[in-house]
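**Student:** Listed below are the residues making up each chain.
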Amino acid sequence: MNKTVNPKNLTPADDSGPLYAARKKVYPQSVNGTFRRIKWGLMAFCLGVYYLLPFVRWNRGIGAPSQAVLIDLPNSRFYFFFIELWPQEVYYFTGLLIVAAVALFLMNSVGGRIWCGYLCPQTVWTDLFYAVERLVEGDRRERMRKDKSAGALTLKRVSEIVLKHATWLMIAWWTGGAWVLYFSDAPTLVKNLVTFQAPMVAYAWIGILTATTYVLAGFMREQVCTYMCPWPRIQAALTDEWALNVTYRYDRGEKRTSVKKAAELRALAQQVGDCVDCYQCVAVCPTGIDIRNGPQLECIQCGLCIDACDNVMTKIGRPKRLIGYDNDINIQRRQDGKAPIYRIVRARTVVYSAIIAAVGGIMLYTLATRSLLDINVLHDRNPVAVELSDGSIRNAYTVRLLNKSGYDRIVAIDADGPVNLIIHVVGVDSVTPDRPMIVVPRDSTSELRLLVTAPAENNPEKSIPVHFHLTDIGLGVVASTTDHFVAP
Amino acid sequence: MTDHHSDIDSVSGKSTTGHEWDGIKELNTPLPRWWVITFYLTIVWAIAYWVVYPAWPLISSNTTGMFGYSSRADVAVELANLEKIRGGKMAALGAASLADIEKDPALLALARAKGKTVFGDNCAPCHGSGAAGAKGFPNLNDDDWLWGGTLDQIMQTIQFGARSGHAKTHEGQMLAFGRDGVLKPDEIVTVANYVRSLSSLSTRNGFDAAKGEKIFAENCVACHGDGGKGNQEVGAPNLTDKIWLYGSDEATLIETISQGRSGVMPAWEGRLDPATIKAMAVYVHSLGGGK
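Going down the list, the sequences are from chains W and Y. Using this note's numbering, the letters of the first sequence map in sequence onto residues 60 to 547. Using this note's numbering, the letters of the second sequence map in sequence onto residues 125 to 415.
Keep in mind that the hints were calculated from the coordinates and are not lab data. There's no promise every hint is true.
[Claimed, not checked] Pairs of lysine-lysine residues, derived as DSBU-like cross-links and limited to a Cα-Cα distance of at most 35 Å, are as follows:
no.: 1; chain 1: Y; residue 1: Lys292; chain 2: W; residue 2: Lys463
no.: 2; chain 1: Y; residue 1: Lys227; chain 2: Y; residue 2: Lys366
no.: 3; chain 1: Y; residue 1: Lys338; chain 2: W; residue 2: Lys463
no.: 4; chain 1: W; residue 1: Lys521; chain 2: Y; residue 2: Lys353
no.: 5; chain 1: Y; residue 1: Lys208; chain 2: Y; residue 2: Lys227
no.: 6; chain 1: W; residue 1: Lys463; chain 2: Y; residue 2: Lys213
no.: 7; chain 1: Y; residue 1: Lys335; chain 2: Y; residue 2: Lys292
no.: 8; chain 1: W; residue 1: Lys250; chain 2: Y; residue 2: Lys208
no.: 9; chain 1: Y; residue 1: Lys338; chain 2: Y; residue 2: Lys259
no.: 10; chain 1: Y; residue 1: Lys227; chain 2: Y; residue 2: Lys308
no.: 11; chain 1: Y; residue 1: Lys240; chain 2: W; residue 2: Lys521
no.: 12; chain 1: W; residue 1: Lys250; chain 2: W; residue 2: Lys314
no.: 13; chain 1: W; residue 1: Lys205; chain 2: W; residue 2: Lys215
no.: 14; chain 1: Y; residue 1: Lys208; chain 2: W; residue 2: Lys521
no.: 15; chain 1: Y; residue 1: Lys149; chain 2: Y; residue 2: Lys259
no.: 16; chain 1: W; residue 1: Lys521; chain 2: Y; residue 2: Lys415
no.: 17; chain 1: Y; residue 1: Lys213; chain 2: W; residue 2: Lys521
no.: 18; chain 1: W; residue 1: Lys397; chain 2: W; residue 2: Lys320
no.: 19; chain 1: Y; residue 1: Lys208; chain 2: Y; residue 2: Lys259
no.: 20; chain 1: W; residue 1: Lys463; chain 2: Y; residue 2: Lys308
no.: 21; chain 1: W; residue 1: Lys250; chain 2: Y; residue 2: Lys213
no.: 22; chain 1: W; residue 1: Lys521; chain 2: Y; residue 2: Lys227
no.: 23; chain 1: Y; residue 1: Lys308; chain 2: Y; residue 2: Lys353
no.: 24; chain 1: Y; residue 1: Lys308; chain 2: Y; residue 2: Lys338
[Unchecked claim] Derived Cβ-Cβ restraints for the label pairs, each shown as a range:
no.: 25; chain 1: Y; residue 1: Phe163; chain 2: W; residue 2: Val274; range: 28 to 38 Å
no.: 26; chain 1: W; residue 1: Asn134; chain 2: Y; residue 2: Asn186; range: 25 to 35 Å
no.: 27; chain 1: W; residue 1: Asp488; chain 2: Y; residue 2: Ile209; range: 51 to 61 Å
no.: 28; chain 1: W; residue 1: Ile121; chain 2: Y; residue 2: Ala172; range: 30 to 40 Å
no.: 29; chain 1: W; residue 1: Leu155; chain 2: Y; residue 2: Glu202; range: 18 to 28 Å
Remember, predicted model here, so these are calculated numbers, not experimental data. For glycine and all other residues, C-beta sits at the position ideal for the given N, C-alpha and C.
Build the full structure now, drawing on both the sequences and the hints.
**Tutor:** Printed below as a string of structure tokens:
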């Protein structure tokens, strides 16, 4: 039963805290080790590819772009080394996206968020920006101290801040600059950009990417991964007990105590861990988490805590990899006194690999066997058919010929169906009767008006299939398509 | 009028507007200052707009605005720019001969595109959007031409029209043999059946072919020619083929012979510029019926 309540007796819910928690600024400390070296290497590779690829040349013959990777929007062409794609072949990108997605799943099932930790642009550029910051302002402690005494703006401090942001902006600007080079001939565009003759849209894109790089890598950093990126959520659903994740092996870490105390306790044959609670793993973490709390959303699994912990373990004479790539099963097994097992080949990884191989294989096959000559036919709808004065029936078609090869082609068009059909292309005098020949310029489409006539004596009943064949006179390549011939 | 400041809502402690509906009172919640200022600014903007742009209709004209601002003038400038961009291509079209246009794929494509648009605007009301025609309006896709189907003839027909009143127009009249009393009704029926026999259509039982031929020779051959093959000089259709502008059934033929026919095609010279007329001629020719 509803009871009347005096509004004055209602109390507000106790939500006196802020709606959002303020960001805790992260000050990752520099670290050396295996994973740091892998990260440096991959960063150099990724950035190298990104910044230099537009300048790689690829000879496609005279008149064709000689840039290895080029997205030619005005002419609707995409060039990737030996591949040239037309807009109607955009489905290759679908295949590429499928492969990319499944590759991400595969990486995940083998080694966790390898993408996040090593390859993601957000990680790579943030890492680079951190390196700049460290170089200019010093390592973790120094930066923390400088930020705390924010009021002390000495000339040195101001120049540091200016230098840091200037360097960041320069990197960001180069990032935007490299982006636009993929859409136009790179050397020419560089020259035009410098002489202020490049199109406005190029400057606009450089501006946009400079701004996003500067903001995302300089200021938002780990917040992009934690709050903006959907991958951590998806990844949580994809991982399983066999996936190798960056893991704190608490079977040999607990309980944590100082080196000295641990030695004493060990002498008394008491259970004590290798972890000395030095917080090095937390200090180096670019997302500011404690890996010893177990797997968590914010962890991008970059492995820097492994390096930090290994360094400490070496110093105190304990075995390395207190933090390492491991799975949940092994922690339990080690506690039970069993040997750890690793299983990379399992149903999940096999299926993902098979999908990648299948889609990749199909793409390669279709790419290798795709026709460089094609014909599309569109039947006139208004009128569908015309009766001529002698009683014969004629249909008109709009024919589009595609010549994707790098040379002009002379092609002949034939039409065949259940009845005798006479064809004629408007504007073309047939040398061979009933076999119009057309020159299709290289790397282009030609639109023609094709008239197909069925003589009066063999008028079709209503609708019959008609096959159009396109034959390269020199090479004999045939492309075909089927449409209909309609009687009124 | 109620002084709403004196009327205070007991629950919220705010003043009300003083209006009351079924015991419910409206709180006096003034609009935010920025909102009111924005509102006044839009009024100022609107008044400025009235003054600067042509706005007020007067009895025989309108206010013309200031500074020469006018959206119509803006459109004119845009259109002029567009013409400048397209000018070169259309000039090439105007300079080329009709035959050359059909031989040059680029010019043909341009002429067809331009012709199709202009056809839709000017010719489609009679000939249909696909030029398929209708009763009394020729189908331009077929190969039967009243005034000739070569490029030059098509262009001439577009330029000057048929029975349009233009000095150079096509002239030719289908006489009203019945209305004018030249032929008697039974003679009209006979010659109508004779005309049907010319294109191998079925004829009425007991129709006198010899009589029909005689009437045809005396009255129709002058325009439609021996054997009814037609004459494009006077726009007399070929009566032996399968294509009929008004219909081939007996009733329609009787109506045609009795009342006569004289469809009008307007002259487009002066309404469309020469290059456009050229483009249209090429377009119509390329529909497939052109000779």
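**Student:** If a hint holds in the structure, say so; if it doesn't, say that too.
**Tutor:** Here is how each hint holds up against the structure:
Pair hint Lys292/Y plus Lys463/W does not hold up; C-alpha atoms about 50 Å apart against a cutoff of 35 Å. Taking the CA atoms of Lys227/Y and Lys366/Y, the gap is near 31 Å; set against the 35 Å cutoff, the hint holds. The straight-line distance between the Cα atoms of Lys338/Y and Lys463/W is roughly 66 Å, outside the 35 Å bound, and the hint therefore fails. With a CA separation close to 30 Å, the supplied pair Lys521/W and Lys353/Y stays within the 35 Å bound.
Distance check on the hinted pair: Lys208/Y and Lys227/Y sit about 26 Å apart at the alpha-carbon level, within 35 Å; holds. The straight-line distance between the Cα atoms of Lys463/W and Lys213/Y is roughly 27 Å, inside the 35 Å bound, and the hint therefore holds. Distance check on the hinted pair: Lys335/Y and Lys292/Y sit about 38 Å apart at the alpha-carbon level, beyond 35 Å; violated. Under the criterion of a C-alpha separation no larger than 35 Å, the hint pairing Lys250/W with Lys208/Y is consistent with the structure, at around 31 Å.
With a C-alpha separation of about 29 Å, the suggested pairing of Lys338/Y with Lys259/Y holds against the 35 Å cut-off. Using a Cα cut-off of 35 Å, the hinted pair Lys227/Y and Lys308/Y is violated, with the two alpha carbons roughly 53 Å apart. Only pairs whose Cα atoms come within 35 Å are accepted, and Lys240/Y paired with Lys521/W is accepted, the gap being roughly 28 Å. Distance hint between Lys250/W and Lys314/W is unfulfilled; the C-alpha atoms sit about 63 Å from each other, more than 35 Å.
Our distance criterion of 35 Å between C-alpha atoms is met by Lys205/W and Lys215/W, whose separation comes to about 11 Å. About 48 Å separates the Cα atoms of Lys208/Y and Lys521/W, which puts this hinted pair outside 35 Å; it is violated. For the hint linking Lys149/Y to Lys259/Y, the alpha-carbon distance of about 72 Å lies beyond 35 Å, and the restraint is violated. In summary, the hint linking Lys521/W to Lys415/Y is supported, as the alpha carbons are separated by about 27 Å, within the 35 Å threshold.
A distance of roughly 42 Å separates the Cα atoms of Lys213/Y and Lys521/W; the hinted pair therefore is violated under the 35 Å criterion. For the hint pairing Lys397/W with Lys320/W, the CA-to-CA distance comes to about 28 Å; that is within 35 Å, so the pair holds. Straight-line distance between C-alpha atoms of Lys208/Y and Lys259/Y comes to about 41 Å, which puts the hinted pair past the 35 Å bound. Restraint check: the Cα-Cα separation between Lys463/W and Lys308/Y comes to about 70 Å, which exceeds 35 Å; the hinted pair is violated.
Among the hinted pairs, Lys250/W with Lys213/Y is consistent with the structure: their alpha-carbon atoms are about 32 Å apart, no more than 35 Å. With a C-alpha separation of about 34 Å, the suggested pair Lys521/W and Lys227/Y falls inside the 35 Å cut-off, and the hint holds. Between Lys308/Y and Lys353/Y the CA atoms are separated by roughly 24 Å; this keeps the pair inside 35 Å, and the hint holds. Pair hint Lys308/Y plus Lys338/Y holds up; C-alpha atoms about 14 Å apart against a cutoff of 35 Å.
Evaluation of the 28 to 38 Å hint for Phe163/Y and Val274/W yields a pass: the beta carbon distance comes to about 36 Å. Evaluation of the 25 to 35 Å hint for Asn134/W and Asn186/Y yields a failure: the beta carbon distance comes to about 48 Å. Checked against the hint of 51 to 61 Å, the pair Asp488/W and Ile209/Y fails, with Cβ atoms roughly 33 Å apart. The hinted range of 30 to 40 Å is not satisfied by Ile121/W and Ala172/Y, whose Cβ atoms lie roughly 59 Å apart.
A C-beta distance of roughly 42 Å is found between Leu155/W and Glu202/Y, which places it outside the suggested range of 18 to 28 Å.
Of the numbered hints listed earlier, those contradicted by the structure are 1, 3, 7, 10, 12, 14, 15, 17, 19, 20, 26, 27, 28, 29.
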